[in-house]
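Q: Note that the protein sequences, when read in sequence, are chains W and Z.
Take the first sequence: its letter number 46 is residue 46 in my numbering, and every next letter is one higher.
Take the second sequence: its letter number 151 is residue 151 in my numbering, and every next letter is one higher.
Keep in mind the hints are simulated off the structure, nothing from the lab.
Treat the hints with care, as some may be off.
Since the list gives no way to pick out one identical chain from another, each pair is judged satisfied if it fits inside one copy or across any two copies.
[Stated by the list, open to error] Straight-line C-alpha distance at most 20 Å; calculated EDC-like pairs for lysine to aspartate or glutamate:
1. Lys215 - Glu358
2. Lys215 - Glu125
3. Lys23 - Glu328
4. Lys112 - Glu100
5. Lys13 - Asp170
6. Lys23 - Asp331
Number of protein chains: 2
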Amino acid sequence: MGIADMVTEKAVKAKEASRALLKADADLRNAALREMAQDLRARRARIIRANEIDMENGQQKQLSSAMLDRLRLDEKRINDMAVALEEIADFPDPLAAVLEEWERPNGLRIRKVPVPLGVVGIIYESRPNVTVDSTGLCLKAGNAVLLRGGSEAINSNVALAEILADACHDVGLPRSCVEIVTTTDRQAVIEMCKLDRYLSLIVPRGGAELIRTVKQNATVPVLQHERGMTQIYVDATCDLDMAVSLVHNAKVQRPGVCNAVENLYVHEANTAALQAIVADLQASGVEIRGDERVCALCAGCTPATAEDWDTEYLDLILTVGLVNSLDEALDRIARHTSGLTEAIITDNEANAERFLKEVDSACVYHNTSTRFTDGGQFGMGAEIGISTDKLHARGPVGVRELTSYKYVIHGNGQVRS
Amino acid sequence: MGIADMVTEKAVKAKEASRALLKADADLRNAALREMAQDLRARRARIIRANEIDMENGQQKQLSSAMLDRLRLDEKRINDMAVALEEIADFPDPLAAVLEEWERPNGLRIRKVPVPLGVVGIIYESRPNVTVDSTGLCLKAGNAVLLRGGSEAINSNVALAEILADACHDVGLPRSCVEIVTTTDRQAVIEMCKLDRYLSLIVPRGGAELIRTVKQNATVPVLQHERGMTQIYVDATCDLDMAVSLVHNAKVQRPGVCNAVENLYVHEANTAALQAIVADLQASGVEIRGDERVCALCAGCTPATAEDWDTEYLDLILTVGLVNSLDEALDRIARHTSGLTEAIITDNEANAERFLKEVDSACVYHNTSTRFTDGGQFGMGAEIGISTDKLHARGPVGVRELTSYKYVIHGNGQVRS
Numbered sequence: 001m002g003i004a005d006m007v008t009e010k011a012v013k014a015k016e017a018s019r020a021l022l023k024a025d026a027d028l029r030n031a032a033l034r035e036m037a038q039d040l041r042a043r044r045a046r047i048i049r050a051n052e053i054d055m056e057n058g059q060q061k062q063l064s065s066a067m068l069d070r071l072r073l074d075e076k077r078i079n080d081m082a083v084a085l086e087e088i089a090d091f092p093d094p095l096a097a098v099l100e101e102w103e104r105p106n107g108l109r110i111r112k113v114p115v116p117l118g119v120v121g122i123i124y125e126s127r128p129n130v131t132v133d134s135t136g137l138c139l140k141a142g143n144a145v146l147l148r149g150g151s152e153a154i155n156s157n158v159a160l161a162e163i164l165a166d167a168c169h170d171v172g173l174p175r176s177c178v179e180i181v182t183t184t185d186r187q188a189v190i191e192m193c194k195l196d197r198y199l200s201l202i203v204p205r206g207g208a209e210l211i212r213t214v215k216q217n218a219t220v221p222v223l224q225h226e227r228g229m230t231q232i233y234v235d236a237t238c239d240l241d242m243a244v245s246l247v248h249n250a251k252v253q254r255p256g257v258c259n260a261v262e263n264l265y266v267h268e269a270n271t272a273a274l275q276a277i278v279a280d281l282q283a284s285g286v287e288i289r290g291d292e293r294v295c296a297l298c299a300g301c302t303p304a305t306a307e308d309w310d311t312e313y314l315d316l317i318l319t320v321g322l323v324n325s326l327d328e329a330l331d332r333i334a335r336h337t338s339g340l341t342e343a344i345i346t347d348n349e350a351n352a353e354r355f356l357k358e359v360d361s362a363c364v365y366h367n368t369s370t371r372f373t374d375g376g377q378f379g380m381g382a383e384i385g386i387s388t389d390k391l392h393a394r395g396p397v398g399v400r401e402l403t404s405y406k407y408v409i410h411g412n413g414q415v416r417s
Numbered sequence: 001m002g003i004a005d006m007v008t009e010k011a012v013k014a015k016e017a018s019r020a021l022l023k024a025d026a027d028l029r030n031a032a033l034r035e036m037a038q039d040l041r042a043r044r045a046r047i048i049r050a051n052e053i054d055m056e057n058g059q060q061k062q063l064s065s066a067m068l069d070r071l072r073l074d075e076k077r078i079n080d081m082a083v084a085l086e087e088i089a090d091f092p093d094p095l096a097a098v099l100e101e102w103e104r105p106n107g108l109r110i111r112k113v114p115v116p117l118g119v120v121g122i123i124y125e126s127r128p129n130v131t132v133d134s135t136g137l138c139l140k141a142g143n144a145v146l147l148r149g150g151s152e153a154i155n156s157n158v159a160l161a162e163i164l165a166d167a168c169h170d171v172g173l174p175r176s177c178v179e180i181v182t183t184t185d186r187q188a189v190i191e192m193c194k195l196d197r198y199l200s201l202i203v204p205r206g207g208a209e210l211i212r213t214v215k216q217n218a219t220v221p222v223l224q225h226e227r228g229m230t231q232i233y234v235d236a237t238c239d240l241d242m243a244v245s246l247v248h249n250a251k252v253q254r255p256g257v258c259n260a261v262e263n264l265y266v267h268e269a270n271t272a273a274l275q276a277i278v279a280d281l282q283a284s285g286v287e288i289r290g291d292e293r294v295c296a297l298c299a300g301c302t303p304a305t306a307e308d309w310d311t312e313y314l315d316l317i318l319t320v321g322l323v324n325s326l327d328e329a330l331d332r333i334a335r336h337t338s339g340l341t342e343a344i345i346t347d348n349e350a351n352a353e354r355f356l357k358e359v360d361s362a363c364v365y366h367n368t369s370t371r372f373t374d375g376g377q378f379g380m381g382a383e384i385g386i387s388t389d390k391l392h393a394r395g396p397v398g399v400r401e402l403t404s405y406k407y408v409i410h411g412n413g414q415v416r417s
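Modelling step: build the complete structure from the supplied sequences, incorporating the hints.
A: Encoded structure:
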């Protein structure tokens with residue numbers, strides 16, 4: 001069988017299983033999640049055996065020690081995956097609430113209710129825990145999954161997916177609620193992206209190249225996160241200590257993530273804040289790339305190039321510039337934004353409101369670190385990803401964003417005239 | 001300038017205008033809509049002059065009289081467009097409500113609020129009124145538009161778009177809230193579909209070929225309506241007169257639309273309903289394509305082929321089959337559905353509930369004609385289209401579905417630890 005046929009066959013089975021999930025109430029879906037957790041713990045020997053093969057292959061392929069560490073599964077990590085499933089089981093049911101309900105003058109009663117998406121395709125790279133937590137989040141929302149993990153973790157992923165599928169079977173759901181592509185041929189990714197007849201959504205979880213490949217080939221809608229050009233504006237007046245603390249947290253606490261700040265704009269009337277922030281960051285080893293005025297005001301800065309303003313460093317580097325007004329800050333933020341996270345630090349309420357309204361990003365903050373752009377920090381529970389698109393889901397994507405809706409209409413013989 | 005550059009330049013201008021729309025409150029957006037209505041009436045001579053050129057060209061190109069009629073603009077039709085804009089101005093503001101609001105244990109206050117999508121691309125065919133009503137719906141939701149109409153109506157569309165853009169300018173909004181592609185080269189459609197840097201959404205309004213072209217080329221998300229394979233199931237027991245009346249309305253009242261029924265399934269225990277429905281439809285000139293048992297039970301039926309069950313006739317033809325159970329009906333509906341509209345006619349509440357839950361379509365009806373799948377009929381106001389996708393918008397797409405959301409977070413110095 002060719003790769004296209006193999007992938008399609010699995011998608012067809014998952015689609016068929018998704019029909020059974022339409023009938024499954026929250027108790028059954030949660031029972032499946034708890035059964036999965038229990039079985040992961042009970043069958044850990046099987047998982048570790050499969051993982052050892054991946055580790056050996058990885059060593060032969062001379063993967064970096066960081067890659068090998070991400071790949072490794074041990075009892076603790078298996079238990080962590082099980083705990084994650086149990087936490088998802090404890091979330092509120094995303095399919096429970098009626099979203100809206102109204103009656104028409106002709107007596108039709110219309111209810112808008114949440115429903116599963118159907119089958120969600122997950123295309124991901126090395127970490128095998130993605131197999132488990134993606135499946136858990138999708139199943140919580142009544143979706144079947146078609147998984148396609150990276151080649152390094154293929155044995156671990158297949159073992160995990162089998163256990164998850166068996167757990168579905170044990171509680172009375174079809175095994176095909178969890179399907180996994182077992183070939184490591186990259187063509188399988190391309191084929192998956194075109195299965196819009198069976199898949200409602202594809203979530204790529206991995207690096208920029210993976211996301212690009214998926215997006216360029218997909219006829220299935222893709223939930224994507226392009227990059228995180230997080231920006232902060234420090235206004236003319238603000239609490240100085242707070243400004244230092246917020247920018248410090250946004251840059252230093254974890255520089256390698258999409259909500260870490262990359263560009264900083266400071267109002268020219270607030271050179272005190274500029275100098276305090278720069279000195280604090282430099283003391284933490286942050287390289288400052290400043291515009292001409294910043295370099296003149298602060299010692300030890302490198303001149304910023306035009307490209308610096310569009311670079312997501314994901315490192316201890318920050319581009320810093322002075323602006324002469326809130327309007328200039330808004331213009332420059334609009335020019336460089338990735339549409340994910342921006343913040344203003346100010347004690348001027350009117351300026352804060354303008355900023356929060358006019359900055360066109362998923363998450364806009366006033367007097368807060370940008371590092372809170374995260375489903376867990378928002379209290380949404382675990383997230384399956386972050387979206388920089390504006391359709392369907394924007395910002396953190398949790399269980400609720402893995403649903404669609406339908407209109408249920410009750411009548412008593414109404415016809416249209 | 002090449003076509004790609006021309007189209008891109010317009011998209012850039014519209015994107016810039018969409019920033020001004022972020023600041024525009026509902027009063028200003030509604031004022032623009034009312035100004036547009038007024039100016040359409042006041043400048044009708046300009047519109048009619050442009051339309052006459054299109055009509056002459058159409059006659060030379062020997063367009064059908066139906067096409068020419070759709071193309072024609074007169075005082076009444078211009079006034080209808082103006083009235084439509086005034087009605088949109090009277091809708092509630094889709095950007096007014098706070099969608100959700102909560103506080104985190106660390107004191108962060110998170111508000112989820114509706115925001116415009118940005119720039120919406122509309123790609124449409126002959127009717128020039130689409131220029132006006134699409135622009136009206138988009139602007140109501142705070143979006144700029146990039147329009148691309150069919151070549152037959154190019155002069156009318158450009159005249160209309162100019163008047164709409166001028167009206168924006170007159171109330172203090174940028175003219176570029178309304179941009180129109182003035183070349184009739186088909187390459188412009190392809191170029192528009194790839195402008196994901198500037199456009200948030202493309203809405204194709206036209207035939208299947210247009211939608212296919214857009215979907216195959218788009219990197220911008222597309223709101224699509226593939227087809228309407230509307231299906232009805234008549235259960236073992238039901239009100240016989242109601243069944244006849246509902247199927248009649250669903251097939252005969254307007255057969256050429258996506259919510260007109262194409263496949264009918266009748267429970268084998270309800271041959272009385274089958275015969276009454278078939279006789280009624282035949283009396284209205286409907287051709288019945290039946291399975292073997294239907295043909296045996298009802299005179300004058302044609303045997304249905306396998307393809308008939310997947311054919312959207314949009315005509316006075318109906319495919320009819322007997323089923324031996326609700327389960328069989330559900331299976332067959334799942335096999336042939338387009339995911340838009342399905343109905344059950346029954347007096348059995350439990351069967352109705354199963355059907356409404358398990359049929360995976362945008363609009364599912366109990367004891368109602370399928371013809372109500374329509375934004376106006378739902379009380380949503382005018383719709384820009386119908387979506388058979390599950391992401392973002394499903395079913396009728398009105399003004400509210402032309403919005404996205406963002407998270408606005410207020411803090412007082414919170415950092416992440």
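Q: Hints first: check each against the structure and report whether it holds.
A: Right, here's what the structure says about each hint:
1. Taking the shortest alpha-carbon separations for Lys215 and Glu358, neither the intra-copy value of 28 Å nor the inter-copy value of 31 Å comes in at or below 20 Å.
2. For the homomeric pair Lys215 and Glu125, the shortest alpha-carbon distance inside one copy (16 Å) is at most 20 Å, but the shortest distance between copies (28 Å) is not.
3. Taking the shortest alpha-carbon separations for Lys23 and Glu328, only the inter-copy value of 16 Å comes in at or below 20 Å, while the best intra-copy value is 54 Å.
4. Taking CA atoms no more than 20 Å apart as the test, Lys112 paired with Glu100 passes in both settings, with 5 Å inside one copy and 17 Å between copies.
5. For the homomeric pair Lys13 and Asp170, the shortest alpha-carbon distance inside one copy (18 Å) is at most 20 Å, but the shortest distance between copies (58 Å) is not.
6. Only between protomers do Lys23 and Asp331 lie at most 20 Å apart by alpha-carbon distance; the minimum there is 13 Å, versus 50 Å within a single protomer.
Violated hint: 1 only; the structure is consistent with all others.
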